[in-house]
Structure formats: structure tokens, C-alpha cells
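Fit chain to chain and form the complex, with the hints in mind.
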Amino acid sequence: MKLNFDHKQLSAHCESGATVNLLGYYNVKISEPMVFGIGAGYYFGHLPFMKMNFSPITTYRSLPGLVFSRTCKNLGLSYERKTFKSPQKSMDELDRVLDSGNPCGVQVGTFHLPFFPQEYRMHYNMHNMVVFGKENNEYFVADSVVPGDCRISYDDFVRVRYPKGAFAPNGKMYHITNIPENIDFKAPAITGIKKTCYEMLDIPFPLVGIKGIRYFARRLRKWPMKKGNKVASQYLGQSILSLEEIGTGGAGYRFIYGAFLNEAADLLQREELKEIGKEMGEAGNRWRNFSYLGARNCKNRAEPEHTYDFLADIIMDCADMEEKIFKKLRKVNFK
Amino acid sequence: MSEEIRPNVKIIDAETLEVNLDYEITHYKMDENGNYSHCMLANWGGKELTNTQSWEIVKERIRDAKEKVMKNEVSPIAYFMEKCITDVSTLSKYVGIAKWRIKRHLKPAIFNKINTKVLQKYADFFQIDIEQLKNIESNKK
Numbered sequence: 089m090k091l092n093f094d095h096k097q098l099s100a101h102c103e104s105g106a107t108v109n110l111l112g113y114y115n116v117k118i119s120e121p122m123v124f125g126i127g128a129g130y131y132f133g134h135l136p137f138m139k140m141n142f143s144p145i146t147t148y149r150s151l152p153g154l155v156f157s158r159t160c161k162n163l164g165l166s167y168e169r170k171t172f173k174s175p176q177k178s179m180d181e182l183d184r185v186l187d188s189g190n191p192c193g194v195q196v197g198t199f200h201l202p203f204f205p206q207e208y209r210m211h212y213n214m215h216n217m218v219v220f221g222k223e224n225n226e227y228f229v230a231d232s233v234v235p236g237d238c239r240i241s242y243d244d245f246v247r248v249r250y251p252k253g254a255f256a257p258n259g260k261m262y263h264i265t266n267i268p269e270n271i272d273f274k275a276p277a278i279t280g281i282k283k284t285c286y287e288m289l290d291i292p293f294p295l296v297g298i299k300g301i302r303y304f305a306r307r308l309r310k311w312p313m314k315k316g317n318k319v320a321s322q323y324l325g326q327s328i329l330s331l332e333e334i335g336t337g338g339a340g341y342r343f344i345y346g347a348f349l350n351e352a353a354d355l356l357q358r359e360e361l362k363e364i365g366k367e368m369g370e371a372g373n374r375w376r377n378f379s380y381l382g383a384r385n386c387k388n389r390a391e392p393e394h395t396y397d398f399l400a401d402i403i404m405d406c407a408d409m410e411e412k413i414f415k416k417l418r419k420v421n422f423k
Numbered sequence: 666m667s668e669e670i671r672p673n674v675k676i677i678d679a680e681t682l683e684v685n686l687d688y689e690i691t692h693y694k695m696d697e698n699g700n701y702s703h704c705m706l707a708n709w710g711g712k713e714l715t716n717t718q719s720w721e722i723v724k725e726r727i728r729d730a731k732e733k734v735m736k737n738e739v740s741p742i743a744y745f746m747e748k749c750i751t752d753v754s755t756l757s758k759y760v761g762i763a764k765w766r767i768k769r770h771l772k773p774a775i776f777n778k779i780n781t782k783v784l785q786k787y788a789d790f791f792q793i794d795i796e797q798l799k800n801i802e803s804n805k806k
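Chains as they are written, first to last, in the working numbering: chain A, 89 to 423; chain B, 666 to 806.
Keep in mind the hints are simulated off the structure, nothing from the lab.
Any given hint might turn out to be false.
As the list claims (entries may be wrong) - Now the stretches of chain A that chain B is said to cover, found in silico as 3 or more residues with beta-carbon under 8 angstroms:
id	segment
1	202 to 215
2	326 to 334
3	345 to 358
4	365 to 374
5	379 to 386
To be verified - Here are the simulated distance ranges between beta carbons:
id	chain 1	residue 1	chain 2	residue 2	range
6	B	K786	A	P294	39 to 49 angstroms
7	A	P292	B	W765	36 to 46 angstroms
8	B	N777	A	S241	30 to 40 angstroms
As the list claims (entries may be wrong) - Below are the EDC-like pairs computed for lysine to aspartate or glutamate, each with C-alpha atoms no more than 16 angstroms apart in a straight line:
id	chain 1	residue 1	chain 2	residue 2
9	A	K139	B	D752
10	A	K252	B	D752
11	A	K387	B	E721
12	A	K412	A	D290
13	B	K724	A	E207
14	A	K362	B	E697
15	A	K387	B	E713
16	A	K366	B	E721
17	A	K314	A	E207
18	A	K90	A	D183
19	B	K675	A	E207
20	B	K675	A	D243
Beta carbons are placed, not taken as given, at the ideal position from N, Cα and C, and that holds for glycine.
Only chain B is shown next, with the shape it has when bound in the complex (with noise of 0.2 angstroms):
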């Protein structure tokens, strides 16, 4: 992506994400009689409990890689990268950076000596700024 494009939506909060339950989309369904038609429908009896596991497990993962960013046992980019629901490689696609190279970056020791035109890029990405992603508890000020 060049450089000069700067797109100004907002990604989602999936730490704090709640499920609208009652967002309709188009079902179909059939009659006795064999007849189809459709409908909007919100719910088709399972929509809480799948959806909201759904997210269970994305938000699982970003408190397991809060704390252990607050242990120092990883960088402060494994738990934005939770936070956006990426994985190594997906991250890797979209900040341009090498799978192995991230990979290094999520050790605590060497994340301390990235220099800025880099932490630049994964802040991009994250939509924070740099004071953010070297400490995530500012994030919350």
C-alpha cells in the first residue's frame, strides 16, 4: 500500500465488543406445503450462543496476551495483535514486515530496541501512536 493513503475508519474494539443481537439478516424457509419465502430474521434459535463464543475466543486470547505482556514474557505487539484478531502472518502481510522478523519482535528485549520508523509501522496498522504500543496501560488514559 502506498504511503499517502491514510484511511480514517475506525477498526473495532473487539476487547469490549458487544454483540447486537438484533441485527436482521435475510433468512429463507419453507412451508409444509413446500413453499418458499423469505424474511428478515434476527435470530434462527442459536445466534447468542454461537456469536457470542465467537468473540469469547478472540477476547480470551487478548486477556491471555495482557497478562502475559504484564509478566514481560512477550512484546506489547502480541496483544494488539490479538486486539485486531490477526495472526503472525496476516500482521506480517499488512505492515510489510517478515513473518520471522515479527516473530523476533515479539520478544520483550529485542521489542526495546526497534527504532521508531518501524514501531511507526505497526502503530499504523494498530491505529494507536507510539507512546501506546510501548506501554499498553496508557492506552486506557
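So here's chain A without its partners, still in its complex pose (with noise of 0.2 angstroms):
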């Protein structure tokens, strides 16, 4: 059995792209910048005390599940999500959404998965594909990286479904089961744009927003003395891959909620939204400065070329205009 499911668009967030190509599957047509607004993917964070890959965790996003969950939600979607403890149920469950004629999101790990280009077979485990077919022990897996619709067999698929590590998703799958008949894209984007700001200035907690990449920006003016040149370049090549190359569409998703701003000007003809749209294209640069000269620093690991004092100031950089852009997007009045 395999669904009439249209793989439409290679996309750069994974789950944000999922969630398109699910919602595509109901004839809703929404653009992958679009999803991300509304779901405010759009985050910083900054996990000194977590470890990927020996360094520490920068992550410039939400985290795993909140977008689609927030995109249903918020365009008044019902959806239910799932994690199950043993793989054999997990497996059962989901042949059984297949067989309803819904295609199935589910969050993997990417060590064990095939068709995954090679260097990107890490221990990640936040990675999101749809399912939408079975046949001879084998699924049907439209992944938002790879192009072409992708085969994976039962056993392999069981193992990607259950890596083990941090941030585990013991199975974890979603899937939409009703939707209303009018879906109107305004008043999300605006909850959409309120929860990002919110969770951009006022979390009161050190590590996140604003603040965390503040605190990103201290830290990192540390680590040479702290830990040596060769380990603090290790920790920047780490911040820099997955601000650059984990599915972000560039500065770490700066770009796509430009996009999506820009977007949104359109849909709630407000030219201010535009004015910030491009705004956050210019943070955007700023930061692709930053990854742009910080890898420079990878090439000698003993000896960096750029001071990191003189990356942590561009960071700062970044900080003051991402909260010059969010103070002025709270503003915006959208009655």
C-alpha cells in the first residue's frame, strides 16, 4: 500500500519540512518559512552542560515536535503524537495509521539510516521524515533532505526509530487526524510572531533568547583560556555546524524568518513586518560573518587565525540587533 503522497519540496529545516509535506498531503498549501513562523521554531540556546559530538550544545532552534505541534495548534489542526516504549507497538501503530490513509511524521535518529548522506551520520537523533507507504516489509519515507521518495526495511526502520542517547525520541511519531474545511493563515502567523518574541526576550532564564546568546558570546571569549586553543576551536567548528549546516537554511534560521516575515507582511499587509524582514536578513549576515570567519579558525586548530574575543564581539553584534528587531516586532500593532 502506498499513498498518493507528493514529496513537493526539498526543504532545510527537517521538521518544519515534514510538517509541510504532511500538510501538503491535505491540500493545504503553506510554504516551509510559513510553517516555521507560525510554529515559532525560531530560538537560542546555549547548553554548556550537554554534550553532542564531545562539545557543547548550541541550538538556534526549538526544540523537537514543538513547530509541528505549535503549527497544528495554532491553525486549529487536531493531531496526535505518540511515543511508545516498545518498538514492536510503535511499528503496529504505525501500519495502522498507514492503513487509515494518513501519512505518519516520525522522529528518527540518523546514525543507522541508509540513505542519509555519510557525513551527516552522527549521533543526532532529533531528524524528522514522513512515512507514507508500505510494501514487502519495506517503507516508503519521504525525507525533507534527500530527493526522491526513499525505501527503508522493517528491521532498520525499528533501529532508526530507537537510537539511544541524548534526546532519544523512543519512537516518537504525529500525524494529523482532522482537519477544518477554511484554514485561514492570519491570525497564526500573528500567534505565531507573539510567542517568538516572547520566548526571545522575557524567558527569565540566563541560557535562552537574548540573554543566552549573550551568554554564548562570554563564553566563548573564554574558552581559549579555559581550554586551550586546539579544544576551543573543536567547541566554535561545533556552534558553527549546527548554526550553518543542521538543516538551518543558513545563520541558523535567520534567513528563514526573514522569509517568513516577509511572508507575513504580505499576508497582514503590514510594510513595518517588511521593514524587520529585512532587518533580520542583515542579523542574518551578520551571523554568517561570524560562522564565515570563526571557520577560519578550524584550519590551524593550534593557532587561530581571528581572536576570539574578536568573534565573541560580533556575536554581541548579533545579540543587539536580534533584540532590536524583536523589541520592534512586539510593537507592531496588528489590529
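This is the structure we're talking about:
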């Protein structure tokens, strides 16, 4: 059995891409930036106490799963999201959902994913893809990073749905159960913007939001003194990887969010959003600047080309820019 | 994980992996007028440097571990653990052996006394047979 599923667009962010694909199946036309904006995926967090690939985690988006659930909630769709302790039960449930004629999103680990490009196959457990059919013990999968439809065998699929380590998905699966007739994007876009403003400006915790960016800059300044040049460049390299490489669409989602603001300006007919979108792009360019210069430090690890103070100053700059942007965005009158 | 599931996907060989610099992923960009578009792009300006370094870290750890195994300072489990890019806590969850036991198994003297059943658990995750696990050089033949 194979659903008549169209793998629409290769997307930058895997979860937004999966959501776009899922919604596309029900004839809801929505773009990736729109999903990202409505789902309030924009975020920042620097978590030195959690390590991935032997370096502290720097995240530029919200927790996995939130973009999908928030998008559905804001758009007024009902959805079901489940995790299972037993792999057997989760596979049965997946078959049931597919049989009922719904494609299903799954969160998987990439280490055992056979069709994934080799250099991205680290222990990274927050990848999302859509399953849309089963045939002879093989599943059809639409992955936002890999062009075309992929096939994966039952046993392999169990393995990728049950990886271990940080953020283990435990067979997390989600699908849309009910969809209203007319979907209006206006109110959800406003809700998404407000949520993002709150998350970036108001969360009273020092490691996230704008405060988090400043905290990251302060930590970055100290890395060479505390850990030595070699480890500092390793940490820097990893944070740049998650800024540019791991499905961010460039500059840690800043460009996607700019695209969303641009689209929202047309949708809501607010010219000021276009202005802010442009500023967002400039902030994105500044981040790109940081990753471009920072990457040079990875070349010769023992002798950095640029001082870490210089790089930290760029990030402080980004923090100032973004603070200005979100304070402005919060004041936009949508009535 | 239940016993009968035997995934046939090959795990990557981190030791000899070459980074493919031409793989294209979606990138968004803004032009001077503030309009956005997206395109497939392989390199944003520093892909080679960061990606190569990130694998270089892994490869360096594998080399270190291998040297130590050769000097008989740690058991071969350490080498294969690094080869699968895992640490003790992740490995513990995959093979279902407690962390303190794995740490114990990293000592060569104790590694020689492990029974076949436990070795098989490690070998299953590393996707090798027990002979290779006992002697990392036999891997190359």
C-alpha cells in the first residue's frame, strides 16, 4: 500500500519540511518559512552542560516536535502524537495509521539511517521524516534532505526509530487526524510572532533567548583561556556546524525567519513587517559573517586566525541587532 | 530491543570517511531589496573547514584509542567505541550493559575474562564478529 503522496520540496529544516509535506497531503498550501514562523521555531539556547560530539550544544531552534504541534494548534488542526516503549507496538500503530490513509511523521536518529549522506550520520536523534506507504516489509519515506522517495526495511526502520543517547525519540510519531474546511493563516501568524517575541525576550532564564546569545558570547571569549586553543576551535567548529549545516537554511534560521516575516507582511498587509524582515536578514548576514570568519579558526587549530574576542564581539553585535528587532516586532500593532 | 531484530544497515566507517563536499542542502538568502528566495547550495563559505574538522576530531580519537590498544593500556572495546562515535553512556544504552561494567571491560585484564555471551552483545552493536573484537588487527585482512 502506498499513499498518493507528493514529496513537494526539499527543505532546510527537517521538521518544518515534514510538516509542509504532511499538510500538503491534505491540500493545504503552505510554505516552509510560514510553518517555521507559525510554529515559532525560532529560538536560541546555549547549553554547556549537555554535550554532543564532545562539545557543548548550541541550539538555534526550539525543541524537536514543537514546530509541528504549535503549527497544528495555531491552525486549528487536531493531531495525535505518541511515543512507545515497545518497538513492536509502535510499528503496529504506524501500520494502523498508514492503513487508515494518513501519512505519518516520525522522529528518528540519523546514525543508522541508510539513505542519509554519510557525513551527516552522527548520533543526532532529532531528524524528522514522513512515512507514506508500506510494501513487502519496506516503508516508503520522504526525507526533506534527500531528493526523491526512499525505501527502508522494517528492521532498519525499528533501529532508526529507537536510537539511544541524548534526546532519544522512543519511536515518536505524529499525524494529523482532523482538518477544518477553511484555514486562515492570518491569526496563527500573529500568534506565532508573539510567541517568538516572548521566547526571545522574556523567558527569565539566562541560557536562552537574547540573554542566551550574550551568554554564549561570554563563554566563547573564555574558551581559549580555559580549554586551550585546540578545544576552543573544536567547540567553535561544532557551534558553527549547528549554525550553518544541520538543516538551518543558513545563519541559524535567521534567513528562514526573515522570509517568514516577508511573507507575513504580504499576508497581514503590514509594511513594517517587511522592514523588520530586512533587518532580520542583516542580522543573518552578521551571523554568516561570524561563521565564515570562525570557520577559518578551524583550519589551523593550534593557532587561530582570528581572536576569540573578535568573534565574541560579532555575536554581541548580533544579540544587539536581534534585541532591537524583536522589541520592534513586539510593538507592531496588528489590529 | 528485542532479540530477533537484526538491522542490515551498515554503520559508517568513521576511520576512513571522506567528507562529500558537493552534497547540496537548501539555503535561504536575502537580496538587497529584502526579498527572500531559496536555492540548493553545497557550500556557504566554510563547509569544508568545519565539516573536515568535525570528522578530524572523531578520527583523532580513534587513532588515540588504537594506539592505546596497541600498547595494551585499554581493551579493544575502547577502539570500537570511538569508531562508532559513541561514549560510555550511549554505548551502555545500546548494548544494555551498565556503565560501570563497560568501564570495567575497558581494562585489558578484565576484557580477557569476559564470556562470549557478553562479547556478542558488543560485537552485535559494532557489527563485527567476536574474533575481530578480540584482535583489532584481524579487522584489516
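Exercise for review: Using the beta carbons of B:N777 and A:S241, state whether their distance is inside 30 to 40 angstroms or not.
Suggested key: Distance hint for B:N777, A:S241 holds at roughly 37 angstroms.
Practice item. Given the hint that A:K314 pairs with A:E207, test it: the Cα-Cα distance must not exceed 16 angstroms. Key: 30 angstroms, violated
Check your understanding: Are the Cα atoms of A:K387 and B:E721 separated by 16 angstroms or less?
Key -> 11 angstroms, holds
Review point. Counting residues of the segment 202 to 215 of chain A with a beta carbon closer than 8 angstroms to any beta carbon of chain B, are there 3 or more?
Key: Our answer is that it holds, as 7 residues pass the Cβ test (under 8 angstroms) against chain B, meeting three.
Review point. Does A:K139 pair with B:D752 here, judged by a C-alpha cut-off of 16 angstroms?
Key: Between A:K139 and B:D752 the Cα gap is close to 11 angstroms, so the pair holds against 16 angstroms.
Check your understanding: Between A:K90 and A:D183, is the straight-line Cα distance small enough, at 16 angstroms or below?
Key -> Holds, because 12 angstroms separates the two Cα atoms, which is no more than 16 angstroms.
Exercise for review: Given the range 36 to 46 angstroms, decide if the beta-carbon distance of A:P292 to B:W765 lies inside it.
Suggested key: Given about 38 angstroms between the Cβ atoms, the range holds.
Exercise for review: Would you mind confirming whether the straight-line C-alpha gap from A:K387 to B:E713 stays at or under 16 angstroms?
Suggested key: 9 angstroms, holds
**Study point:** Stated coverage of the segment 326 to 334 of chain A by chain B [criterion: 3+ residues, CB within 8 angstroms]
**Key:** holds (count 5)
Check your understanding: Do the alpha carbons of B:K675 and A:E207 lie within 16 angstroms of each other, as the hint requires?
Key -> Holds, because 14 angstroms separates the two Cα atoms, which is no more than 16 angstroms.
Review point. Per the hint of 39 to 49 angstroms, is the separation of the Cβ atoms of B:K786 and A:P294 within bounds?
Key: 42 angstroms, holds
Check your understanding: Checking C-beta pairs, does the segment 379 to 386 of chain A have three or more residues closer than 8 angstroms to chain B?
Key -> Contact hint for the segment 379 to 386 of chain A vs chain B: holds, 6 residues under 8 angstroms.
The structure does not agree with the numbered hints 16, 17 stated previously, though it agrees with the rest.
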